[in-house]
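Asker: Sequence:
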Amino acid sequence: MLMLVSNANAASAIIKGDGVAQTKDRINIILKGADYFYTDCGFYPETIYSLIVDIDECKNWGPEPYVKKTETLSDVWSRPLIYTKISNVKLEVKSLGPTESDTKSPRGEIIIQSK
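For what it's worth, this note's numbering labels the leading residue of the sequence shown as 15, then goes sequentially.
Bear in mind the hints are in silico, worked out from the structure with no lab data behind them.
It cannot be assumed that every hint is accurate.
To be verified - Ranges between beta-carbon positions, derived for each pair: (1) Lys46 to Glu71: 18 to 26 Å; (2) Glu106 to Glu78: 18 to 26 Å; (3) Asp54 to Trp91: 25 to 33 Å; (4) Tyr50 to Thr98: 12 to 20 Å; (5) Ile96 to Ile69: 18 to 26 Å; (6) Ser101 to Asn42: 16 to 24 Å; (7) Ile69 to Pro94: 15 to 23 Å; (8) Glu71 to Thr98: 27 to 35 Å; (9) Ile100 to Thr53: 24 to 32 Å; (10) Tyr63 to Asn102: 17 to 25 Å; (11) Lys73 to Lys46: 28 to 36 Å; (12) Glu106 to Thr84: 14 to 22 Å.
What the hints assert, rightly or not - Below, computed lysine-lysine pairings styled on DSS-like, alpha-carbon distance capped at 30 Å: (13) Lys99 to Lys83; (14) Lys82 to Lys38; (15) Lys73 to Lys46; (16) Lys46 to Lys99.
Note that the coordinates shown come from a computational prediction; the quantities given were computed from them, not determined experimentally.
Even glycine gets a Cβ: it sits at the ideal position worked out from N, Cα and C.
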């Protein structure tokens, strides 16, 4: 189960073309890949890159990467997504949101946590 934790301008965040919806989609792809990783390996990866590259600690990794497109690792403003393993059963992936020069998008972080 995914839960939206924070978005400074949630009411205005669903504006077509503002990048927020696409960034949320990318975050959800990361979390879904992490859930598949957890099913195969019995734990969440320590870093976001373990979803793309086989790690030695997991004997059942793959056979395909859990996240296939490396551009998914960044938000639509080309800033890297921040992946945090909060505990063995909880993750957080967030975007810092749009850059200061992007006037079309609402300000504020986009944070989604796993169950």
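Asker: Verify the proposed pairing of Lys99 with Lys83, using a straight-line Cα cut of 30 Å.
Answerer: Answer holds: Lys99 to Lys83 is near 21 Å, not above 30 Å.
Asker: How does the Cβ-Cβ distance of Tyr63 and Asn102 compare with 17 to 25 Å: does it lie in that range?
Answerer: At roughly 19 Å between Cβ atoms, Asn102 and Tyr63 fall inside 17 to 25 Å, so the hint holds.
Asker: Range first: 28 to 36 Å. Now tell me if the beta carbons of Lys73 and Lys46 are that far apart.
Answerer: Roughly 22 Å apart at Cβ, these two residues miss the hinted range, so it is violated.
Asker: A range of 27 to 35 Å was offered for this pair. Does it hold for the Cβ distance of Glu71 and Thr98?
Answerer: violated (18 Å)
Asker: Lying within 24 to 32 Å: is that true of the beta-carbon distance Ile100 to Thr53?
Answerer: violated (19 Å)
Asker: Take the C-beta atom of Ile96 and the C-beta atom of Ile69, compute their distance, and say whether it sits inside 18 to 26 Å.
Answerer: holds (20 Å)
Asker: Range hint 18 to 26 Å: satisfied by the CB atoms of Glu106 and Glu78?
Answerer: For Glu78 against Glu106, whose Cβ atoms are near 25 Å apart, the range 18 to 26 Å holds.
Asker: Does the Cβ distance between Asp54 and Trp91 fall inside 25 to 33 Å?
Answerer: The hinted range 25 to 33 Å holds for Asp54 and Trp91, with Cβ atoms some 31 Å apart.
Asker: Given the hint that Lys82 pairs with Lys38, test it: the Cα-Cα distance must not exceed 30 Å.
Answerer: Holds, because 17 Å separates the two Cα atoms, which is no more than 30 Å.
Asker: Taking the CB of Ile69 and the CB of Pro94, does the distance hold inside 15 to 23 Å?
Answerer: holds (19 Å)
Asker: Taking 18 to 26 Å as the stated bounds, is the beta-carbon spacing between Lys46 and Glu71 within them?
Answerer: Holds, at about 21 Å.
Asker: Take the C-alpha atoms of Lys73 and Lys46, compute the straight-line distance between them, and say whether it is at most 30 Å.
Answerer: Distance ~20 Å between Lys73 and Lys46 Cα, so the pair holds.
When the structure is compared with the earlier hints, violations turn up for hints 8, 9, 11 and for no others.
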